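Peer 1: Chain by chain, the residues run as shown.
There are 2 protein chains.
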Amino acid sequence: MIKIGIIGVGTVGTSVANILKDNADVISARAGRDIVVKSGVVKNLNKDRGLDIKITDNVDDILDDDEIDIVVELMGGVDEAFVVVKKALQNGKAVVTANKALLAYHRYELQEIAQDIAFEFEASVAGGIPIICALRDGLSANHIESIVGIMNGTCNYMMTEMTNNGVSYDAILQEAQYLGYAEADPTFDVGGYDAAHKLLILASIAYGIDAKPEDILIEGIENVSSEDIAFAKEFGYAIKLLAIAKKDKNEVELRVHAALIKQDEMIAKIDGVMNGVSVVGDKVGETLYYGAGAGGDATASAVVANIIDIVRSGKSTPMLGFNRPMEGDKLTLKPSEKIESKYYLRINVNDEAGVLAKLSKLFENNSISIETMLQRPSENSSANLLISTHIAVEKNVKNLINEIERLVFVNGRPAMIRII
Amino acid sequence: MIKIGIIGVGTVGTSVANILKDNADVISARAGRDIVVKSGVVKNLNKDRGLDIKITDNVDDILDDDEIDIVVELMGGVDEAFVVVKKALQNGKAVVTANKALLAYHRYELQEIAQDIAFEFEASVAGGIPIICALRDGLSANHIESIVGIMNGTCNYMMTEMTNNGVSYDAILQEAQYLGYAEADPTFDVGGYDAAHKLLILASIAYGIDAKPEDILIEGIENVSSEDIAFAKEFGYAIKLLAIAKKDKNEVELRVHAALIKQDEMIAKIDGVMNGVSVVGDKVGETLYYGAGAGGDATASAVVANIIDIVRSGKSTPMLGFNRPMEGDKLTLKPSEKIESKYYLRINVNDEAGVLAKLSKLFENNSISIETMLQRPSENSSANLLISTHIAVEKNVKNLINEIERLVFVNGRPAMIRII
Chain A
1 MIKIGIIGVG
11 TVGTSVANIL
21 KDNADVISAR
31 AGRDIVVKSG
41 VVKNLNKDRG
51 LDIKITDNVD
61 DILDDDEIDI
71 VVELMGGVDE
81 AFVVVKKALQ
91 NGKAVVTANK
101 ALLAYHRYEL
111 QEIAQDIAFE
121 FEASVAGGIP
131 IICALRDGLS
141 ANHIESIVGI
151 MNGTCNYMMT
161 EMTNNGVSYD
171 AILQEAQYLG
181 YAEADPTFDV
191 GGYDAAHKLL
201 ILASIAYGID
211 AKPEDILIEG
221 IENVSSEDIA
231 FAKEFGYAIK
241 LLAIAKKDKN
251 EVELRVHAAL
261 IKQDEMIAKI
271 DGVMNGVSVV
281 GDKVGETLYY
291 GAGAGGDATA
301 SAVVANIIDI
311 VRSGKSTPML
321 GFNRPMEGDK
331 LTLKPSEKIE
341 SKYYLRINVN
351 DEAGVLAKLS
361 KLFENNSISI
371 ETMLQRPSEN
381 SSANLLISTH
391 IAVEKNVKNL
401 INEIERLVFV
411 NGRPAMIRII
Chain B
1 MIKIGIIGVG
11 TVGTSVANIL
21 KDNADVISAR
31 AGRDIVVKSG
41 VVKNLNKDRG
51 LDIKITDNVD
61 DILDDDEIDI
71 VVELMGGVDE
81 AFVVVKKALQ
91 NGKAVVTANK
101 ALLAYHRYEL
111 QEIAQDIAFE
121 FEASVAGGIP
131 IICALRDGLS
141 ANHIESIVGI
151 MNGTCNYMMT
161 EMTNNGVSYD
171 AILQEAQYLG
181 YAEADPTFDV
191 GGYDAAHKLL
201 ILASIAYGID
211 AKPEDILIEG
221 IENVSSEDIA
231 FAKEFGYAIK
241 LLAIAKKDKN
251 EVELRVHAAL
261 IKQDEMIAKI
271 DGVMNGVSVV
281 GDKVGETLYY
291 GAGAGGDATA
301 SAVVANIIDI
311 VRSGKSTPML
321 GFNRPMEGDK
331 LTLKPSEKIE
341 SKYYLRINVN
351 DEAGVLAKLS
361 KLFENNSISI
371 ETMLQRPSEN
381 SSANLLISTH
391 IAVEKNVKNL
401 INEIERLVFV
411 NGRPAMIRII
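First to last, the sequence lines map onto chains A and B. When we follow the numbering used here, the leftmost residue of the first sequence carries the number 1, and every step to the right adds one. When we follow the numbering used here, the leftmost residue of the second sequence carries the number 1, and every step to the right adds one.
Source of the hints: derived by calculation from the structure; they are not laboratory data. Computed from a predicted model, the values in this text were never measured in an experiment. Idealized CB from N, CA, C, for every residue including glycine. Just so you know, not all the hints are guaranteed correct.
16 Å max Cα-Cα, derived EDC-like pairs, lysine to aspartate or glutamate [unchecked claim]:
1. A/K249 / B/E67
2. A/K330 / B/D25
3. A/K269 / B/D264
4. B/K269 / A/D264
5. B/K249 / A/D25
6. B/K269 / A/D271
7. B/K86 / B/D64
8. B/K330 / A/D25
9. A/K269 / B/D271
So the derived list for chain A, only partly shown, Cβ under 7 Å to chain B, looks like this [to be verified]:
10. D297
11. S301
12. A305
Hey, can you work out the whole structure from these sequences and the hints?
Peer 2: Printed below as a string of C-alpha cells:
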C-alpha cells in the first residue's frame, strides 16, 4: 500500500484524491500496488472538502510522517513551495508537483537534489496533455528544432471568441472572468507570464538551457484589437498567444507573445480553452499534442499518472531527461533584439497627404521591407494602416516603431504582432 | 558503452543506425551512456547500405553475441519474428520492435516472457508519434472511454486527395502507388488490416483486452466513391479510415472502417499522409496526438527513443502497462453485430415511381429511421439515393442492406459508411 500526502487541497488536490478513489481499479492494476491518500495540508481547516482523509494545517505532519511515500505539492508559489519540496526530498519522499512557477525558478536545483529520488511534474505544463512524457521520453532521439505552444487556455479562449464572434477585447475579458477562466487580476494569464513559466520547463528538457522568466521576451494579448483580428482573417491567419522555443545554430530563442499564424497550420486549429503544443524534431518532423490545459480533473490526471509511474518504476528517468550535461552547455539564450521574424504593424494616422511616403522612408531606413498593406478608415478622419513585413530583425522593428510614434501625423504608439 | 544489434536493416533499420550516429550528442546525454550499433542482419549481403557496422545474414550472430545488449527487431512478419524475439529475450537481451503484426498476434505471450526484461514497441503504432508513451504512461490515471485513430497514412492521403481535389478512388490509388505511399498490392493498407494491427495494440494497453485481427470488424476504403465524398462535404463531414476502440459498460468495441466524421472534430482536421490519435479518458477528457505515422526517420525516432529509455531506466514499466489483471478480466469484446452507430447508405435505383415508398417501408421494418436524404441523378436514367440514418444497430443495417439489394429497381449492392 502506497501512501500519499497532498499539500494544498484545492480544486486539483481534491480531484487527485477523488481520482485515486474513483479509478482505483485501473490505477492499482497499472501501478501494481494500491495507492491511498493518507493526509492533506490546507490553510483553512474549517472548510469541508468532502474527502475522508486526515486534514491538517501543518506541512510537517506530512513531511515528517514516515508512512507517507509520495508528497504531492499543489500549494503554488515559489519560495515556500521550494522549502517544502526540498524537505520532502531530503526526507526520502518522492515528489509530484503541478507548480510551474516553482520550476520556472528552481528546476535545476531540484534536479540536483532529486538525483536519486523521483521528482515528477507532468501537470505543470499544459495540464492533462502528457507533453513532458512526449518530449522527455517519446522524442528523446531528436534534436528539438522548435516548440510552439498554446499553453494558456484563457488567452486562447479570448482570441477564439474575438475571431469567431467579433467580440471586443474588453468584452471578452469580462466574459472570461465571469466564466471563471480569468482571474480578477488577469495579468498572469493575459500578460503571457503563465505560458512563459511552462515554456521554460519545456526548454530545459529540450535544450538543457537555463533561463528564468526575467531573461526572456514575454508579451501578452492586451493590445490585440478587432482591427488586428480583421486583418488576420483577411490574410488567412489566426491570432494566438504562443510560447516559442526555437533553436538557431548554437542559440535558443525563448519568447511568449501574440502571433499571427497561418490558418492551415495544425496549431492554428486549436480553439477555445484547449491547449496544444507542436514540437519539431530533426528526425521525427512535426508532432502535436492537444488537450485540456487546465481544470481540476485534467490536471489531476497528470498528477496521478506521475504517481503511478513512480510506484511502478521508482526513479526511472532523470528529472529533466538528461544524465550528462547536454548540448545545453553549448547552447545560449539568443538576445531578444536579435530575433528574426515577419511583423505586422497597426499604425493610426491622420488621413492627410504625404503620410505613406514618409512612413515608407522610415521602413527603408530600418532595412524593413513591406509585404502587404491595407488602409482602413478609423475614427475622427484618421485611418488605420495595417502592414505586414518580410523577415526583419527585432531591434530594427523596435527602432522603427519608436520613430513612427514620434511622427506628428501618427496617433499613439503603433501596435505590433509577430507573424510565425 | 551499450551495443545494439539490428535484425532487418532496411529503410527503418538504416535510419536507426544513422540517428544513433547523427544525434549521438543528445542521445548519450539523455541515456547517460554511449550507444553504438555493433551489427545488423540482412537477407542480401551484397547490397551496400552505407553503414559501418558488421553485416551478417545469420540472426544467431546477434542473438548469441554476449556483447549485444539490445536487439532491434525490424524484420517484419509474425512467426519467424516471434521465434527471433523470444530467443533474444531468453538470452537476456532487451528488445525493441516496430513490428505491429507480431504484436497483433503475440503481445500477451511476449508480455509473459518479458516480465523481467525490457520489451518496447513505440514504433509499432503511428510511427513517430509517441502514442504508446502517452497512453501507457501519460493517461494511466484514466479509464479510457474511446480511442479514435487515423493510423494509416496511405488511406488518409487518398481520402484527403479525393476530398480536396475531386480525384477518383482508382486515380488516387495509382498516384499513391507511384509516390510509394501504397504497395503494388495495396490490400494491407486500403483494406484496413494495417490500422487493425495498431488498434489491437492500443486496445491492450487501454483495456487489457485480448483480441486478434480475425476477431474484429475490419473494413477498408475500397468502396468510397466520389458521390460519398460529395455527400460528406455537403453535410459538413470528412471521410477517414478510422480505427476505433470504444468502451460501453463491460464491453469494448474494436473496429476499423471508413467513417464520416464532423469536420469540426480535431481528428477530422488531420489531412494527407499524417496520422493522429484521439484518446478520451474519463478524467482528462479528449487528448489528441498528431505526427508522421510512417517513413524511415520518423519510425526510427520512436525506436531510438525506446533504446534510450531502456538504457537510462532498464525494465521500468510492464510491457502493456499493467502489473495485475486489469479491468480487462471483466471487459469482453462486443460482437460487431451489436455495434450502434449512425449510418450513411448510397443506393443506386432506377428512376421510377414508388421507389421511395418501398425503400422507406424496409427502413421502418428494420427499426431504422432516416435523418437526411439526397437524390442525385446517375448514369442510364438511374439515381443515387444518399441517406443518413439516426442511431441504428449494425445487425439491422446489414439486414436492411441485404433486403434492399434484392429489390428489382435497385442496381448492385448499396454502399454503407458508418457515421461517427
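Peer 1: So which of those numbered hints doesn't the model satisfy?
Peer 2: Hint 1 alone not satisfied by this model.
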